[in-house]
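Asks: The hints should help you fit chains B and C onto chain A, whose structure is shown.
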Amino acid sequence: MSGTTTSPDKVPAVEVEIDGHKVEVPEGTTLLAAARKAGVRIPTLCSHPAVEPYGACRVCITEIEVRGRKRLVTACNYPVREPLKAFTESDETRQQRRGVLSLMLARWPNVPAVRVLAEKHGAKPPAYRHPLRNEATDACILCGLCVRACSEMAWEDIIAFAGRGAGRRVMMPFGEPSERCTGCGTCAYICPTGAIKVHDEQNRPVDPARIRKYGFRLTQEMTLLDDQQCQMRRVGTAHLVEIMDAYDLLPTHNYKFGKHPDTPKIASHVWKTFVRQNVPDGCWAGCQMSCAKAVEDFVPRTGPYQGQKVLVDGPEYETVAGCGSNIGVFDPHDILEINFYCDTYGIDTISFGTATAFAMECFEAGILDTEKTGGLELRFGNGTAALELLHQMSRGEGFGVIVGQGVAEMKRIFAEKFGGDPAFLRDIGMEVKGLEYSEYVSKESLAQQGGYAMALKGPQHDEAWLIFMDMVNKQLPTFEKKAEALHYFPMWRTWFGLMGLCKLPWNDVEPEDNAKYPEPNKVPGHVEGYINFWAGMTGQEVTIDDIIRMSERVYNFQRVFNLRMGKGTREWDRGPYRAMGPVTVEEYESRAERYDKQLRELVGYDPAGKSTPEKLAALRKYREEQYEGLLDAVYKRRGWTRNGIPTIETLRNLGIDYPWVVEVVRPWLEKEGAA
Amino acid sequence: MTRIELENLEEVGRKHREKLARYEGLLLVCTGTGCVSAGAFSIRDELRALLERHKLQKKWLVVPTGCNGFCAMGPILVVQPAGIFYQKLGPKDLARIVEEHLLGGKPVRSLLHKDAASGEVVPRMADIPFFAKQQLIALRNKGLVDPESIASAISFGTYGALRKALQGMKPAEVLAEVKRSGIRGRGGAGFPTGLKWESCVEAVARTGKPPVVVCNADEGDPGAFMDRSIIETDPHAVLEGMCLGAYAVGAREGFVYIRKEYPLALERLEKAMAEARKHGLLGERILGTHFSFDIRIHRGAGAFVCGESTALMASMEGRVGEPRAKYVHNVESGYQGRPTVLNNVETWANIPVIVGKGGAAFAAIGSGDVSQSPWNGSSGTKVFSLVGNIRNTGLVEVPMGIRLREIIFDIGGGIHGGRKFKAVQTGGPSGGCIPAELLDLEVDFDNLTKAGSMMGSGGMIVMDDRTCMVDVAKYFVDFLKDESCGKCTPCREGLIGVSEMLGRITRGEGTPELLDELERTCRVMASASLCQLGATAPNPVLSTLRYFRDEYLAHIEKRKCPAGVCKELIRYQITKACTGCGVCARQCPQKCITGEKKKLHVIDRKNCIRCGICRDVCKFDAVRVS
Amino acid sequence: MNRAKIDKILARWNRDANYAIEILQDVQEEERYLPQDVLRYVADELCVPVGRLHHIATFFKAFSLVPRGRHVVEVCMGTACHVKGAPRVLDAFARELGVPVGGTTRDLQFTLEPVRCLGCCAIAPVVKVGKELHGELQASKVKTVIKKYAEG
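Chains as they are written, first to last, in this note's numbering: chain A, 203 to 877; chain B, 6 to 631; chain C, 145 to 296.
The shape of chain A in the complex, shown without the other chains (with noise of 0.2 Å):
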């Protein structure tokens, strides 16, 4: 889920002169970016790289020559497109700028920002007594950078000009409090003058401006890096769909597959056309990532609310994966009508996606019927089916009591009662712990099994998502580096959940010179806007393995917990083999040329002449000890047995070897001869 970034369309290149120093832009390029790169600095008073140019204050104003003709322009706002000559410092630049200057100083003397540039250009306050004379320090100057900010940053278009000529002001409309604004203090932030206070009567934080400061980076990067990385804030998390689908993640028919030709079908930009609430969600102040979408006046055709318009919250990707390509189905409809049923009735979209993806591979390989679904055609792509089943589990009738229960037990039901064979329900299966796996293919990626199933919750991808650095990346090549990976994400991704954060601020869009770090993957620029944030509330200095620490102490009391519920051994952490390789002949045969490759690579067994459940067969061994490396070494990074049990010395170091602690993995550890 790291940032994308697509290449730009190319852009001829114009050459453009600026006090004698040359230099290539991109055609419509501002004269200020330019003069940016070739190291000249325009003064501005009402523009922001984050924000559209305005050309209000009228500072910038530059003497150009194009053709041979000389006119002034704001350089803010005016499009390099032919060769042209710029002067930043010619007399009538400097008479204009002065002048400029001189009027903003009339009105407001005493404003820094004016004061400062005035007195740098020697402009000075005119030989007339301003009507409207403002003598604060932090008077409104009128750039308009609030209001650009708050509709562009922000998406909110509150705050807004009123009035015009000598009356125009900047206001929330009627002068009254917006219940819109969240209080972000994007405005407040970009404000050159002070003239915007945000007040925080809540939280008290120690150090407002060192969280603002982060706070505003970060909306900044929302507004400029976005739309060329992951675009969360025209598709949300949805944007995956095709990237899964590229790199064979995308779970397809139960995990079967990574990819499938009807993807196109549901693709971001199918979601582009449906979603309508491109607004901040508001779970944050200030976040503008505006994840969580919604498709307006939808109208289901199935169910209690059948022909009605209904407000449909989301899809997201696990949604469109989960209860879309993972149960076969590929028409958006159907996919939004299960997103809306399943919230609904109060039911989680990957479990039940996870799940009836479950039953129906069970279906289709003959261990269930229609006369024990009660009728229901439980094949792959059949949405009806689903629907019906998703009504049924709501009503607590027919086949949707038994899917409703969860894969764990419908394991065990379709084996005692319906004559399943047990291994080949266990290895399709798609749960850890009792809960059903989230949405993507771990079978090409060790690390993310583990990071799948050995997440304390069950297997979900929040501890960890190492599939690109794994897999594509190729950035953890052997067991130590896997083991690290597993020991740093899962303790950075639990900080999240114990400052009730979010994570997605963190890596769904990621610094622009993000790459240019040696572990970019950590987003490392991030990783220090999350540090000032907690030292800017506690006025408390951390490092970042103060933060790993402190999620240590809460993951290994998990763990602890776990174990006590019977659940925090190693035979817990170990997933279906459907999460790490090809179960079926079908499934090996569709990718025969990467297994057979990795069984002459990897394994040193010729797969010439050999059948495939001889081949399937010699990749499972390899596989499942691959994977009992991994577990040795991700323990032990962990501090813990071989069992997976947390040492007394691990408890007693990160100072949670509390006796009711100690109690509890005691008995483990003696067993295993470790205490």
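The hints are simulated quantities; they were obtained by calculation from the structure and are not laboratory data. It is possible that some hints are incorrect.
Claimed, not checked - From the structure, some residues in chain C lie toward chain B, with a derived Cβ separation under 8 Å:
#	residue
1	Asn162
2	Pro211
3	Arg214
4	Val216
5	His226
6	Val259
7	Cys261
8	Leu262
Think of the CB as a built atom: it goes at the ideal place given N, C-alpha and C, for glycine as much as any other residue.
Replies: This is chains B and C only, laid out in the frame that chain A set:
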């Protein structure tokens, strides 16, 4: 009459002419806004009633027309075919006209026009000097056509040029005629219309976006009302012009942006559009051809800045009329980012004549030689509104290049009440004041600019020696201070500052340093403002400083207002001419004029608020300003 | 203003946000001002920020956020009117009505507004009351005009 096609357009006109020919004559009642406010509708109704009473309704036809142009003389009635011109009519005058003129065959002498200079009665409209020197293109049908009848319009040849274009001209040929005419935009800056359209065609080819044509009827310059008059008089001429423009640039969609202050024009435009649509002259398959084009109206809500093209387009998009930088032009990216041709009413009204008679004929009129480049002169005619302290106020259309003196003295009849001509203000708030020594200026785009003023939309406000030029400058600055959108610093703060400085000068608090600061501020505004409203806002100040600097100095050095206008610097006084009639004392809102009947009255200066009512009401010119 | 009335106006303009200014003009005409709740409702219906409508309402002369009088007296301040004494006419109205320029009488009968050129320069100075024009109106005739409307 239903849909009109290429083939039967002429016939519609002919039938209408034949219908009118059955009458003995036509009674053309001017129903322009000026005449209407003077009671023209009751003249029209009363006249019709009289005709019925005398059973003349089959012999004489009352035709309500748009603005005749000679607004000072309203209400106006012209009796055709002889063209007898009756002026300043009251309902009571009509019986005599019907009885003596229509029945008796003798025009009513006392109601005819008298030439101010000679005192002679001039019965025929064409002989009146006000009309004699005019040359009509944009106003070709004024006072003749019924603005509320498409058949009347067609009978005068309207839509003939459109038929010609659709029948045998390619869009590029229409564009070529417009280019050949050399016509420059009548709305303000005088940009060549042909070049504008050509850039639009290029932008459409480059971007593939559908173009739009817009008619700017947000006539904002105070003192200019030709656009209102053209729409009120001959709305179909404007629609035909827009159709031709749309055909030339390939637009299917057009807009008219019209001020809400012009209710009559709006009403007539809406009627004209509805009729044109009904008869297939707007909408799908115009005149039965493959050309389709329709127009929608946007109503301005009262903001001078919306005459600025980018502000106009912003408000057409339902936003505040705030201009944007024009580094990318409207013809490239205007209304909703589409290539947009914007011309004002008068320009559009000229187009049918250019296409109909050929661009060369148009180019032959006016100043300079535009055959090589439209920038080499000003072709065609221009409509001016001649107002202020002038005898013959009204709307005149004259060839470009005519001397200012001819307009003001020959057509305008000179200054009221034997006072002295002081200056003429042209170009609205963006223009300037031209002094008496430039009366021989040949009026065209470039000469006016050279003189420190500009053409603007064609307002000419004549000022006599009772006009204070500092006050005039302050008037324009205050007007603009109120009308500036407030977006950019130089315009917003500059206007506040300049108004403050002029205020101090008119109050007698000026200093020489202040005058320097005034000029400095004006120059910053001119160079650094975002749009033309701000950039031209200092023109009234700079032009009066240029020609009437001594008047500024009188305010500053002598603390005097030579024209007797600036309240703080003047005193009202009653001279010996007072007959003691007591009118002023009764009208004085301060009750500060006293005096016995038939004896010299006196103003109590302590309580006088210098409202000037006493001077207005005095029939003996006994109230003087010093 | 009831919903049905606003909805009628919105429907007239096809709920097209490009016609926001026209929609507000119609509201202004009906109500003689733009009530806050109506602006908020219209903003919702047109899917535009209420701040935009508020800016429009405070930007254009046609609009008012407080009720205007039954008769809006518009004194033309065009150049021709100016040189023929419009400022004195405006002063006279202010004096006779007892309101500042831009103000409304307490009985909500009159609102006094200066307007830019009404385009009737030939009959300057001009005053428009409601939809009626009064040409060549000198300050001394102001009382008579007010009387006409105060009674009617």
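Asks: Which numbered hints does this structure break?
Replies: 2, 3 and 4
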